Structures are given as structure tokens and as C-alpha cells.
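K.L.:
With these hints in hand, go ahead and build the complete structure from the sequences.
Residue numbers (this note's numbering), protein chains in the order written: chain A, 1 to 233; chain B, 1 to 320; chain C, 1 to 273.
Do not rely on the hints blindly, as some may be mistaken.
[As the list claims (entries may be wrong)] Mimicking DSSO-like on lysine-lysine, the simulated pairs with C-alpha atoms at most 27 Å apart in a straight line are:
hint, chain 1, residue 1, chain 2, residue 2
1, C, K262, A, K84
2, C, K262, A, K13
3, A, K84, A, K13
4, A, K113, A, K215
5, C, K139, B, K209
6, C, K160, C, K148
Rather than coming from a laboratory, the hints here were simulated on the basis of the structure.
Since the structure is predicted, the reported quantities are computational estimates derived from the model, not experimental observations.
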Amino acid sequence: MSVHFDQHLDELKQRLLTMASKAATAVDRALRALVEREDDLARQVIAADTELDDLEVAIDELGIQLLSQAPLAGDLRLITVAMKFGQNLERVGDEATTIARRAIELGQEPQLKPYVDIPRMARLALDMLHEALEAFIRHEPARALAVIPRDKEVDALNKQLHRELASYMIERPDTITRCLNLMVISKALERVADHAKNLAEEVVYLYEGRDVRHKLKPAPPPDLAEPAPPSGT
Amino acid sequence: MNRPPQPIARGPFGVGRFEPVSFFCTGLTGAATFLILALLAVILGNLFWHGGAGFSPRFIFGSAERDMFDPARAGVGPMVFGTAARVILMTLFVLPVGVATAIYLTEYARSGAPFTRVIRSAVNNLAGVPSIVFGLFGLGFFISAVGGSLDGLLSPDNPKPVWGKPALIWASLTLAVMTLPVVIVATEESLRAIPPGLREASLALGATKLQTILRVVLPQALPGILTGGILAVSRAAGEVAPILFTGAAYYMASLPRALTDQFMDLAYHVFVLSTQAPDIEKSRPILYGTVVVLLLLTFALNVVAILIRTRVRRRLRQLG
Amino acid sequence: MAVSSPNLKVRAEVPAGASVAEAPELITIERLSLWYGTAPALRDISFGIRERLVTAFIGPSGCGKSTLLRCLNRMNDLIDGVRLTGQVRIAGQDIYAPAVDVIELRRRVGMVFQRSNPFPKSIYDNIAYALRLQGIRRKAELDEIVEKSLRAAALWDEVKDRLHASALGLSGGQQQRLCIARAIAVQPDILLMDEPASALDPIATARIEDLILDLKRDFTIVIVTHNMQQAARISDYTAFFYLGELIEYDTTTRIFTNPARKQTEDYVTGRFG
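P.N.:
Here's what the structure looks like:
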């Protein structure tokens, strides 16, 4: 493949990095909007989501164009991974938007109690995201491999939080709206961690050529079913 | 695009220029061609002009008489027969040997090997030998050595030599040796012109080298081989020196009936007429007439060969 | 050798249940080295080619892939000054042993060349050529084999009405398919193809590639190609050569999605050669 092709590959990587940065920032700001009860910040996050959507489209377009040149081996893996990255990051952005919307709603009512678990989940998820991206930039698949099991931690936190909020709601029905919103936010953060895990799996595939998806997950524990997906608006 | 766009057309292209060198070369080569054609026309014209008188079927086919210098009674029939016979016999000898040699050189011989180089230089040298030397060669080798031995073997008690004397067969063989280089070179050229891919294809299918040569290469090379034959015929028809000692006769009462007989010959007759005629002025028409007949005979032989070659070419082009 | 991961099919069609790694080895090349005079062309090559699969040889110009291909039917014997060490065994038999009948070998190992080279004979006679060499003379039998071969080469419909016209009147792609028909008429076990489509336009190339995938059912095919995507499209195994050495030999999927050697990766992604 030519120099021009390599330039396009670099452009693809640049777009990915830009998108990753924006997605992480979106989650971070959405959390701040929640904790500091800053509606304006939340609205900015929602508005900025279109940038992420545009970037996903741009990455897919460039990817298809490059694929039409029938690249092979490392180039082929990079382009397919890039397109999946874009998809995952766009969804991270959507989760940030969800958090922001719920933050605005929560801002209308007094805070239930200080936020501890949710910021903790956020930090874990953001750290996973950061590590996956670092592994991508620095060609360190081992680092990405280390990210994958950490998703379980976030899952566990999410389940625990859901149980606590569920019992809270039953005892004090006047908090139902706030509890539901918090459950949604928790779920969104659990999904961010899932996406970070996906990214990590893609990075392993990119640099090692082996597919580690769905292989490291143990059998799901036979307790609570996953809560229903939140309504999007 | 980083550079500002350049204007494409810088103006009209203009009319063609006059190139003196080009024109001069065209003129020169055209003049040379014209010169050659003109020379040919002059020679042929001269011949036909002088030989036209006395030209008749009786002349061409009529038998010779002892008094061959009288235009009214001269005939060159036997000479026509003799020339045709020796040329055709020569072809029968030279084509197989020449083609076989060429096949060996092209298909079998290793290019750098000393033996190959010896053969090649032999062929080249043969091409440069003067015709009279071939005549002497024919006399010494074919007539004395080979013919003499045959006589010793087959008819030792016969005092009169049967094989060991000038004969049609020895003259033809001598001519064959002389025209060998022509046939070899022409055949080699046509063999080389065949792309090696064809030979590879045949061999890759499990054919032996011989099968490849006989079934693929030779059929393709046939037009080239025939060209070699045509060249050999054209050269040999007009040669006198090689047949001088080996078979041409001044006068024979009848046509040659066996290969061991001598023969009368058109080219030799021209030689005879111009050196032995008592009255050169009276005999001149016969001289020119004989030359014309020789040319016509050569022409006829060539036309036959060319027709054969054309048919072969057409068949090669159309089907297998 | 790595078995291809089921998620990373490079070709569309893999027979259900058949694993590419299970096919037995038909051609074994062991420590093969070759010199043109004093210049080495192949260095200590050892690997095996599996039965009824397509194996591709790839590598930059001058890497020895065509030379190696020609070792498999001893066409290199025709070149002066070629010297060989090592062994090439086909079905267990050393083909360079002194007692081997080279003619018979070439009947069992057919070859198709880069530039199509049909004989300047009719289409029919091109295919019948090798059959007649083997002594098949009855018209009915020849007719049958000619038709079968032309059908197998996907050429029958195009030429059935002009079997006795000159082969040289066919288009480039048709001529190459004729050469393939000619090669398979004698039912070889192995078919060697030296860049068979490199002189053809994309549509003709695609037809030849389809043909090769069909022929794989009956023949073991070895193809030399400089077109990586072509090798990825049609081959099961790929061998990458460089400067006379075998650099990497593995399933096509592995070579083209995740090669083990950096040299292979660089070549396959076009970053050298």
C-alpha cells in the first residue's frame, strides 16, 4: 500500500483519538453536572453529542473507503477495529447524554444523599476507557487484556446499587422518581464500562490477531435478572 | 491541488514544418529503389529484346542438334530438362540435410559447446566458398572418391566407369552442398521465430523433445523452410561452375535416363554459346534466348515453391 | 499449522465439517536448493503441499516462486546449468530419482503458463494433442474428452460451434481457459499455474479464479501469483518466499490477516517489494 494509504490510516487513527477524548470528556462532564447539579453543563454535554455522531460517520466513511482498496493483515485489522471503536465510542457518548438528561431531572428535586457509589463507578469506567485507549496508542495489548476483567467490578457495583435503590423505593415511595433516575445513571455507567471492555478486546485483536471476545466471561450468576433498559429520552 | 492551474494551450499548434533531413533521406531511399528497379528493367528488357527473335515453342522445347549455333535449328529442350532435373534433385538432397542440421543447432545443441561452435563456423565458411571450388570438390570427392569406390564395389570388372564419372547425381549433390548454408540459415531463422512458449507447452503436456519438434515446431517452421528452398533453387539454377566438371555435357544425343547419365544444361549452354560459337553475331539471339528461358524456368520453379508456401501459410493460419 | 478461526473466513465457501488442516500431504519438498550455475535461486526449502487444495506461492519478483513451481514438474531440467540438491517427493516418490520417467511425470503434473500459449492449431487439436500422444486415436473417445475438458474449463458453450477454428482466434481469457482445458484433458493429479491470470483483464481474471475453485474438487493446485488479493481469494494455504527462502507457510487466513513474521506482514501490506 502506498504512502497515501498510510496517510489515510494515520488520519483514521487521529479521528479515533479525537473521538475517544470527546467521549471520555462527555462522561466526565455529565458526572460533574450530576454531582455539582449544574444544568448548563448537562445541556452542553447533550449538545456536544452530535459531534460524536458526526465523528462515527466520518470514521465509517473513511474505513469503507480504505477497505475498498482490499488491505490485508495489520491494515485490515486496524480498519475493522477502528470502525467498531467508532461505534462503541458513539454509544459511550449516548450514555453520557443519558446521564446528563437524568442529571437535569434530578436537579429539579433535592438530592437524596451524597453521591458515593455513582462517582466510584464513573471513575472505574473512565479508568477502563483510559487504559484501553492507552493500550491502543502505545501498542500494549497486555494492558488492554488487563482491562477486560475489571468490567465485572462495575457490573457488581451496578447490581448492588440497583438493590439498594430498589429497597429504598419500596420504603419511601416519594423518592421513586429520583431512585429510578439514579438507576438509569448507574446502568448507563455500567454500559460505559462494557464499551470500554469491548474497546479493550478490539485492541487485543488488533495487536495480537486473536479474538478474545466472549471467552473470558465466566457463566453468569443465577441471581437477579438485568433490569429493563431505561427509556431513552 | 497545491499549484495554481497552468494554462494548457499556449496558442495554436501551427502548420507542419518542413524537415530537410527527413526529406533528403526519403528522397535518397526512393532514388535507390528506383535505381534498382530501373536496372532490373534494363537487364530484362535487353534480354527480351535480343532474345525475342527466334523465340518459339520449338526453341524452348525442341531438341538440340549438333549444330546448335544456327538460330534456325537451335532448340534448348534438353537443357531445360537437365536444369530442372538437377535443381529438383538438389532440393531433394539439401532440404532434409539442411533442415536436420538446423534442427540440431537450434533445438538440441548446447549454445556454448565447442562442437556447436565448430558446426556453426563450418556452415559460415561453407557459405563463403567460391562456386568453382565446389566444382573441384565435386570432381574430387563425389566422382573420384565416392563414384570410384562404388564402381570398385558394384562392377569391378567393368572397364568403363559407371559411377565414377560426371553424372546428374553428382552434379545435384555438389549443388546441394553449395546451397546447404542457405537452407540451414533460413530454417534456423524460422525455428528461432517460434516462441519458446509453444515448446514449453508441449513438453509440459508430456511430449518428448522429438514429438515436440515433429508435431509443433516443424509445422510452424514450414514456410521458413520453404523460403530456404526457394533461395536455394534460385541460386543453384544459374550456377555453372559447380556443374562444369560434375555432370554438364556439351552435347548429348538423348535425355539423361539414369542418375549416372550426364545432362545438358541451360546455364552451361550460355557458357558454351558465348565461348564456342564460330559466329558470335549469328548465335547471339540463341544466347539471349537461352538466358531468357533460364530466367523463365527459375521463375517457374520459384512460383511453384511460393504457391506451396502460401498454401502452407494459409493452412497454418486457419486451422491445425 | 494454525487452523483458521471460524469467524475469519477469507473465502466464502468452506465445506461443512472439512478442516483444511486435515488434508493429507501430496507433495513433500525437503531441503531443496537450486542454483543457476553458481547463482543460488532456492535455499534449503522444506514444506508440504496438501492434496486437493489450492496452495499459493507469493513473494516479490525474483524470490524463486516460479523456479520452485517448475521444480515440481522438472521443467527446470530444460535449462542449461541448473543444479539441484534436496528432494521433491510426490505421493512418496522422489521425482528426481534417476529411474523416473520425466515424460510420465509431466503427464501427471500439468502446467499452465503466464502467457497463454495455445498451439497454432484448431481448438480441438489443441486439446487432442496430448491425448494423441498417449495413443488415444478413436474419434469418439477424443470427442468425449475434448468436450469434457472444455466444459470443465468453462469454455464449452463459447466454442462448441467452432471447435475446428484456429485457437489463435480466441480472446486472451479464452485462450488461457483453453490452455487449462488442454492441461486437464490428460487428467493430471496436480495442476501447476504460473501467474495464470496476470495478463488478463479483471473479468477474465475472475472467471479463471472461479474455475480454479471448481477445479479444486478434482486436482491439487499450486498457483504462483503476485496478486495478494487473488491469493487471499482462492487459496487455502499460502507460502511466502523472499530471495529464494521460504519465509512463512501457513493457512491463507493466517497469512493475510495475522502473519507470524514481520517480513510477511510488510510484504502483504505492500510496505516492501
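K.L.:
Confirm or reject each hint.
P.N.:
Cross-check of the supplied hints:
The suggested pairing of C:K262 with A:K84 holds, with an alpha-carbon distance near 25 Å, which does not exceed 27 Å. Distance restraint check for C:K262 and A:K13: the Cα-Cα separation of roughly 21 Å lies within the 27 Å cut-off, and the hinted pair is therefore satisfied. For the hint pairing A:K84 with A:K13, the CA-to-CA distance comes to about 13 Å; that is within 27 Å, so the pair holds. The suggested pairing of A:K113 with A:K215 is violated, with an alpha-carbon distance near 39 Å, which exceeds 27 Å.
This hinted pair checks out: C:K139 and B:K209 have alpha carbons roughly 26 Å apart, not beyond 27 Å. For the proposed pair C:K160 and C:K148, the alpha carbon gap of about 11 Å is at most 27 Å, so the pair holds.
In this structure, only the earlier hint numbered 4 is contradicted, and the remaining ones agree with it.
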